[in-house]
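Sequences and hints are given; from them, build the entire structure.
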Amino acid sequence: MQLELAPRSAPRVLALSFPDLPLQRILREREGGGLLAVVEDGRVAHCTGAARAAGVRPGDGLAEARAACAGLQAIAADPASDRAALRALAEAMLALVPAVEIAPPDALLLDAGAARLTRPREAGDDGETGLADRARRLAAEMGYRARAAVASGRGPARALARYGRGPILRAMPSETARVLAALPLPALDLGPPVEERLQALGVADVGALARMPPETLAHRFGAAGAAAARLARGEDTSPLVPYVPETLPEEAFDLEAPVETAEPILFVLRRLAERVSARIAGRGLGATRLRLTLKLDPRGEERFLLPLARPTSSSQGWLLVLKERLVDLRLPAAVVGLRLAAVEVAAVPEEQLSIGDRPEAALALEAVLSRLAARLGESALFAAEPADRHRPEAAYRPTPFLKPKPRVKDGKGRRGRPAGQGPLDADAVPRGDLVRPTRLLASPRPVVAEGEGGRLTALRVDGRAYAVEALAGPERLRGEWWSEPFDRDYYRARLAGLGDCWIYRDGADGHLYLHGLFD
Amino acid sequence: MAPVTRQAILEDLRERIRRIERRPSHREGFLPSGRPEVDALLPGGGFPRGALSHLAGGPASGKTGLALEILAAALREGGLAAFVDGRGELYPPAAESLGIDLERMLVVRVTGDAATGLWAAEAVLASGAFAAAAIDVPVSRLPAARGEAMLRRVQMAAEKGGAVGLWLGPAEGGRIPAAVRLDLAGAPRPERIRARGQAGPGGGHAA
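First to last, the protein sequences are chains A and B. Position in the first sequence counted from 1, then plus 198, gives you the numbering used here. Position in the second sequence counted from 1, then plus 1, gives you the numbering used here.
If you're looking for bench data, these hints aren't it; they were derived computationally from the structure. We treat Cβ as the ideally placed atom computed from N, Cα and C, and that holds for glycine. Among these hints, one or two may not hold up.
Incomplete in silico selection of chain B near chain A, CB under 7 Å [claimed, not checked]: (1) Pro-33; (2) Leu-42; (3) Pro-44; (4) Lys-64; (5) Glu-90; (6) Tyr-92; (7) Ala-95; (8) Leu-103; (9) Ala-124; (10) Met-151.
Here are a few chain A residues that sit away from chain B, every Cβ distance over 10 Å (derived from the structure) [claimed, not checked]: (11) Glu-238; (12) Arg-360; (13) Glu-444; (14) Gly-480; (15) Ala-562; (16) Tyr-594; (17) Pro-642.
Now the in silico label distances, taken between C-beta atoms and shown as ranges [as the list claims (entries may be wrong)]: (18) B:Arg-15 <-> A:Pro-390: 49 to 59 Å; (19) B:Ala-150 <-> A:Gly-651: 26 to 36 Å; (20) A:Asp-324 <-> B:Thr-112: 58 to 68 Å.
In structure tokens:
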């Protein structure tokens, strides 16, 4: 039996190309442009518009460039940082598409196969142009200018993005070869040796290469030649190699001059927060802890760890917390740079598009919890959970206050009430019947009993005597013999002028203590 | 700029739905405490939303219990509740006995000074995330002028967030800019509760 495999069709790919990526990367992390050039192997590889106006050209030797422009600031090329920049962009793009491939030195390839599902169809667009537009805008939010092209196959899409004209190009599967034909040969990224030999043969553009007989190319150039010919005809069925992010995102910015007030710092921080949040949002994650590092003038730095109430990638929510932290800040020196990192992340709970349950309240809750946690510390915020302990001060434990689930009306799923903590079958009890006080004193206050003829008449608290109007008890609570044993007889005493108090006689020393108030 | 990421798209859609639905404000009306003898004393039959109510009384006068019952009423309506515990004395087991779903009541335990407690109260009330919040912050040690200014901010926060703000204070003390003042005296007997209503900050006529 012979297995017949359907021919694999070329995937629809959205390629984003970032012209002058090394320069863009440097400029987005500092204020102002000026006379800047990125230098690689002693030659200018990229330069700013101002430097170009002053006579510097890419390809110039450094000495030549400096002769043309005395104030030129030369920065050495840093391919590792450029690659990190592409990774950061890829992370952000994951918010738009299911897979992104990093195509160094300056491009990303996005899976556009499901573009038509991502947005309502507009006139004359099946979603691909819209996707390309959103990707370019997201790149702009990250501080990068990009050119976009949608085509069938990785190679054609990338070639069109890098060498095509216009900010967004779209080639239908049937017209890929025709659109590619006009591009210069380097668009196919064949490598200098192959390109040079082809040019020597009079092959100047992609169209000319596509027209050459494939056998000739295979004969002269081997497998590389055959592959080049297929690419030139727009035949590229290779799948994307998806990028899987590993490190947690961090973004930095250097200020032009040292600043001492919060306002400009917050301005920069807003930008950094948007960039970091875009990167983790792309992974479906939210930050639970941020780290802000302020670079001080002339040296040193201040670091702050900021806990967030719940995993969130909302930069607005982060800014509330960051602002809270910065407002009262006293720094030993002016700030010259900022770095923001998400140092702890967690999956964001899948959000439902339930329209009725006041989502604005959920957002408000997230914001206020983060603000409170930033200023008071995480342990200051909690929801109490009953604990099965007899020692009154240990009868509940703090648990994180989480997003509330929808209330179960029949009461199922509620936490159990430990023994001795009130009736099990009633939701609420009349206040007079409360068995536990509403307030428990952190440290019990000594009480002195006063009586006549063996009858208790008054209790003296903090030096003041209160007549006893009623007394109920005792309720004996004892236990924990294995660690810190306690043995107490509790009474509910109604004291004139004070109200109902919770008093115990300590079995260890025989003394009375005021432990709580039925306030 | 039109939204780009999934989150931004969701927020945008929600905003549009809000506009289409023209939701009624959550800031008006009254929240009955569930205790008829108390609600009968109050103008509107309950505690005003978007305002501060002052529950005044001694250390064991019943003000905390009443506040917890009001929070329980807010929880029964489906909202969230908060207790800003500036003295560190709230005992949650009693709150549960009074009908509070502990999972949905945020306790903010402030260990710092009164100013920090008031800041937390302001943040909680202004957030709009809570239907009701009780505030138990000792302000007697704050300089009078500063305390008054901060309390005014707390009251404005309640107005902004639309929450029922419950200020727990001693029987005697400084002026609290509250819409309602309820004096509780000693044991929880209805006839010993007096309310002063709605005539502006600090209360007006006795009801």
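Tested hints:
The restraint placing Pro-33 (chain B) at the interface with chain A is violated, with a minimum CB-CB distance near 14 Å, outside the 7 Å limit. Using the Cβ-Cβ criterion of 7 Å, the hint placing Leu-42 (chain B) at the interface with chain A is not satisfied: the shortest such distance is roughly 16 Å. Checking Pro-44 (chain B) against chain A by beta carbon gives a least distance of about 23 Å; that is not within 7 Å, so the hint is violated. Satisfaction of the interface hint for Lys-64 (chain B) is found here, the shortest Cβ-Cβ separation to chain A being roughly 6 Å, below the 7 Å cut-off.
For Glu-90 (chain B), the interface hint holds, the least distance from its beta-carbon to any beta-carbon of chain A being 4 Å, beneath 7 Å. The restraint placing Tyr-92 (chain B) at the interface with chain A holds, with a minimum CB-CB distance near 4 Å, inside the 7 Å limit. Given the 7 Å rule on beta carbons, the hint for Ala-95 (chain B) holds: about 4 Å separates it from the nearest Cβ of chain A. Nearest Cβ of chain A to the Cβ of Leu-103 (chain B): about 5 Å, under the 7 Å cut. The hint holds.
Nearest Cβ of chain A to the Cβ of Ala-124 (chain B): about 6 Å, under the 7 Å cut. The hint holds. For Met-151 (chain B), the suggested interface contact is broken, since its CB lies about 15 Å from the closest CB of chain A, more than 7 Å. Its beta-carbon lying about 33 Å from the closest one in chain B, Glu-238 (chain A) satisfies the requirement of being farther than 10 Å from that chain. The beta carbon of Arg-360 (chain A) is kept farther than 10 Å from every beta carbon of chain B, the shortest such distance being approximately 23 Å.
Its beta-carbon lying about 21 Å from the closest one in chain B, Glu-444 (chain A) satisfies the requirement of being farther than 10 Å from that chain. Consistency note on Gly-480 (chain A): stated as away from chain B, yet its beta-carbon is not over 10 Å from all of that chain's, at 8 Å minimum. With 10 Å as the threshold on Cβ separation, the claim that Ala-562 (chain A) sits away from chain B is violated: the shortest Cβ distance comes to roughly 4 Å. Listed as a non-interface residue, Tyr-594 (chain A) fails to keep its Cβ farther than 10 Å from every Cβ of chain B; the least gap is roughly 5 Å.
In this structure Pro-642 (chain A) is separated from chain B by more than 10 Å, as the shortest Cβ-Cβ distance comes to about 12 Å. Checked against the hint of 49 to 59 Å, the C-beta distance between Arg-15 (chain B) and Pro-390 (chain A) comes to roughly 54 Å, which is consistent with it. Taking 26 to 36 Å as the suggested C-beta distance range, the pair Ala-150 (chain B) and Gly-651 (chain A) does not conform, at roughly 56 Å. Between Asp-324 (chain A) and Thr-112 (chain B) the C-beta distance comes to about 59 Å, which sits within the given range of 58 to 68 Å.
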